Each structure stands twice: as structure tokens, then as C-alpha cells.
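Student: The listed protein sequences derive, respectively, from chains X and A. Under this note's numbering, the residue at position 150 of the first sequence is numbered 150, and the numbers go up by one with no gaps. Under this note's numbering, the residue at position 102 of the second sequence is numbered 102, and the numbers go up by one with no gaps.
One thing to keep in mind: the hints can contain errors.
Stated by the list, open to error - Examples of chain X residues lying across from chain A (beta carbon under 10 Å, computed):
1) Lys13
2) Ser48
3) Ala53
4) Asp89
5) Ser90
6) Ser150
If you're looking for bench data, these hints aren't it; they were derived computationally from the structure. Here the structure is a predicted model, which means the values were calculated and not measured. Glycine is no exception: its CB is placed at the ideal position from the N, C-alpha and C atoms.
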Amino acid sequence: MASGTTLHIFKPKNNEPPTSNPATFDQRNAQDVLDFDGTTNEAARFSSILNRAYSGGGLTVICHVAATSATSGDVIFTAAIERRTTDMDSDSFASAQTSAATTVSGTSGITVPVTITLSSGANMDSLAAGEPFRVEIIRNAASGSDTVASDVEVTAVEIRET
Amino acid sequence: MASGQTLAIFHPYDNELYPSNGTTSFNAPIGFRNQQPYISLPKTSDFFATFSGVMPSWYAGGGITLYIWGVTASLTSGNLTMGLQLERRTTDADADSFTTIFETTVTAVSGTSGIPFVVDDNRSNGAEMDSIVAGDPFRLRLARYPLLVNDTVADAFQIIAVEIKEQ
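Only chain A is shown next, with the shape it has when bound in the complex:
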């Protein structure tokens, strides 16, 4: 299949809750806004959202683009970035094996907090996507790591949907 195709779509309910390390909870909480679910990622926490899928057969081996749709809790200005990691699930499931953290494109938030906007990111094939190929199970992890200095939005980012597309 030609490039440009949708490879995966994730919904807030698809988030796979991450356990505490004993002192800190990493679970990005689900919330509802006008009856619509979202995953809340505050700026100052280490919360994760983690999604799993299988790379579909029509993936042709190119790079991927991630589209992370969401809204801010209330802020109407500032720039937002996120950290993302991919994991090809061919390693021991008892330990994480994600790529290093990549930072998404710097994106201005919507001027109306309830209007969705999209944060995107391109990852080239190979190491940046943990060498995932068609048919491989994989995980995607999203977070707003406090170390991401380009993220100037002190507010929570409420994720409503995520798409992975082949470039």
C-alpha cells in the first residue's frame, strides 16, 4: 500500500496503565470533558500514556508521523511539546525496552482551550522507531517530561486521540 496510510489510531481508553515504582504513580488519569474522555498529562509530573498495537501488514517500511490530538485544560497560549518513545515488543516483556525519548515539534496551543489541536512528530525508520516492521507488536509511550525545555505550557494536556501514519 502506498505511503500516507493510517497505521494505528489510539483512544483514551486504550491507555495501558503504568504501575507505581513504589513511591510515584505514573498513571496518566482519564478524565471527561463534555462527556468526552481524555488522558491528562500535567506538565510537572512523570505521568505516562502507553498504547500497544501491531504494525499492520500495509506498513511499507518508511518513517512514521505521529499526530497527538488534544486540548489544554484551560490555558490559551504557550508552546507545547511532548516526549515519545517506541518499543518493538520482541524483548522480554518483564522489562521496558523503549527507544530514547524524542521530543515532538513545538506546537502553539489553541486560543480556545476546548478546541483540539495537534502535536506531531516524524520518526525515521530504523533505530528511531526501534526497527519495528510490519507485523511486529509494539508500544508507544507519551509523556510530558519536565526536562523538555521547549514545553512552556504549565497546564495539563488532555489527549483525545492519537494517530500513527506512514510518511
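So that you can see chain X by itself, here it is in the shape it has in the complex:
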């Protein structure tokens, strides 16, 4: 299938949180969100089987992000893939890839897409169509380039073929 195809969509309730510094489930106007802290790097994890529409290219991970209250500043997210062919009793994520610093909306309740690009091969843990995987999303709040001091909220995460 052509690049640009949506392969997966994850919602806050799909989160499989890590024990250390997990993003927090919350609701905003009765809509599910995951809260990511403004100072501590927090993570969310999702699992699935890579859709067979995937044709071997890179992946683009898109986090839909709204600020809890801020109306200016930049946020940075990272994404890392784990091909689930290793012992699940320990984590085995590939190196995290980082988004550009992305400016939040001037209206805190409006989401903006934060895009992380993963090239095929090692950066996506050599994941192939039909294989189980996890993706870990981290807000890099500790980065000096993430200038939103308060929480941001993720409403959904999409994975497309690049």
C-alpha cells in the first residue's frame, strides 16, 4: 500500500504504562487524555501487531497534543519501537527518535500534531508486517527545548507509514 497509510491508532485507554514515570490517565471535557508532566519525562506504551498494509518503509508517529493550560511554548516527544521477538521479561526498545520542538496551540484545548519520524531498519527495531510490537512515547520535558512548563495532554497516537 502507498506510503502515508494509517497503520494504527492508539487511544489513552490502550496505554500499557511502565512502572516508572508513567503518563497519567485523565479526562478533559469528558474526553480521555494522557497527561505528561512539565518537568519529568513521562512515558506511555502501546502494543499491537504491525498491520500488513505496511510495505517496508519508515514509520511516522503522530501524537495529538494539547496543553493543559499553556498557550505558548514548544513540546518535544520521542518514540521508540520494540519488536516483540525478544524475552518480554525485559524491555528491548530501539533507540528513541525525537520530534522537532513543536509549538502548542494558542488555545490550550486545541491539539497540535507532534510528529516523530522513524526510518526503516534499526530505528524501528527492524519491525516487519505481521509482527507484534510496542511503541513507547515519552515527553522529553527535561529538554531545554521543551519550553512548556506545565502538563500537556495526548488525545491519540497515530502510526503511519512514512
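Chain X is fixed; fit chain A onto it per the hints.
Tutor: What follows is chain A alone, placed relative to chain X:
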């Protein structure tokens, strides 16, 4: 759309809990292993895992292949099979109407209990998949029925994900 496409993916949280018959619980319990959810199906129980979906529009009418990914609780040898049934949800929801039980391919478990392996199975179109067509709601039921004599793994099978693909 061409064959070979993913038709459905199920996650442990998608399991629809099955009620007790008054004396026996059929609920396959959810567990967590290194913070990753799984559905536990012991060898000796009648526990079910049941998933529902709608056959997508791109299903072209062929047979299907099921891929059931999971790990053993601790065993590192033996062969595992599962029973599966499909139900086209065009009958009275107040009673089950699954196909007969089909047994999956006999699959050797992983030599490391935490490494996922896949149990697969092919079902031809028509009666074996309860004549499900594109747009039909359906259910898939998985179990490790004690009567499956090819299943020699005394351990629980922990399902982490299930895919249905068109052949």
C-alpha cells in the same frame, strides 16, 4: 483490496468476559508480565477468550489465517494447540451460535518462556468461518480445551495479541 491484508487485531483488553454457568467460571483472567497485559489460558480449564469485531470492507471473500501470539508462563518445551470458533453475529445474541471447534496448527513453544511465538490456523471461507462476509459483525472465541490431545503443554498460554488476516 488484495488478499494478505490484516482484517482485525485484538489486544488482551479486548477480551469480552464470559459469565459463569453457575458452577464454573469461564473468564480467562488478565495478567501482567513486565507491565504487558496478557490473557491467561491454562491447559486444564475451560476458560475462553472472546473477541468481537466487524469484518472490514476490504475483506474479499477468501479464507482467513489467524495468528495467536503469546508466551508460556514458564515452560520451555512442548507443543501447543488451541481451539477456535467463529460466530457470524446475525443470530439471536441471547444464545451463542459459534461454529464447531477447530484445532490450530501444532506449534512448538519458545525455548525461552518470555519470547513470544505464534500459533496459527487457516480457515476456509464458508462454513468454517460461519459464512462471515464483509461488513458482518462477528466473534472469535479461543480456548485450550482439555480434549485437544495434541496440546502437550501443561502450562498456561499467555496471549498478548491476535491477528486475523485474509489468505
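Student: If a hint holds in the structure, say so; if it does not, say that too.
Tutor: Evaluated hints:
Annotation: interface hint on lysine 13(X) holds; nearest CB of chain A at approximately 8 Å, less than 10 Å. For serine 48(X), the interface hint holds, the least distance from its beta-carbon to any beta-carbon of chain A being 6 Å, beneath 10 Å. Interface restraint check: alanine 53(X) against chain A, minimum CB-CB distance 6 Å, threshold 10 Å, status holds. Interface restraint check: aspartate 89(X) against chain A, minimum CB-CB distance 4 Å, threshold 10 Å, status holds.
With a cut of 10 Å, the hint placing serine 90(X) at the interface with chain A holds, because the nearest CB-to-CB distance is about 7 Å. The restraint placing serine 150(X) at the interface with chain A is violated, with a minimum CB-CB distance near 27 Å, outside the 10 Å limit.
The structure does not agree with numbered hint 6 stated previously, though it agrees with all others.
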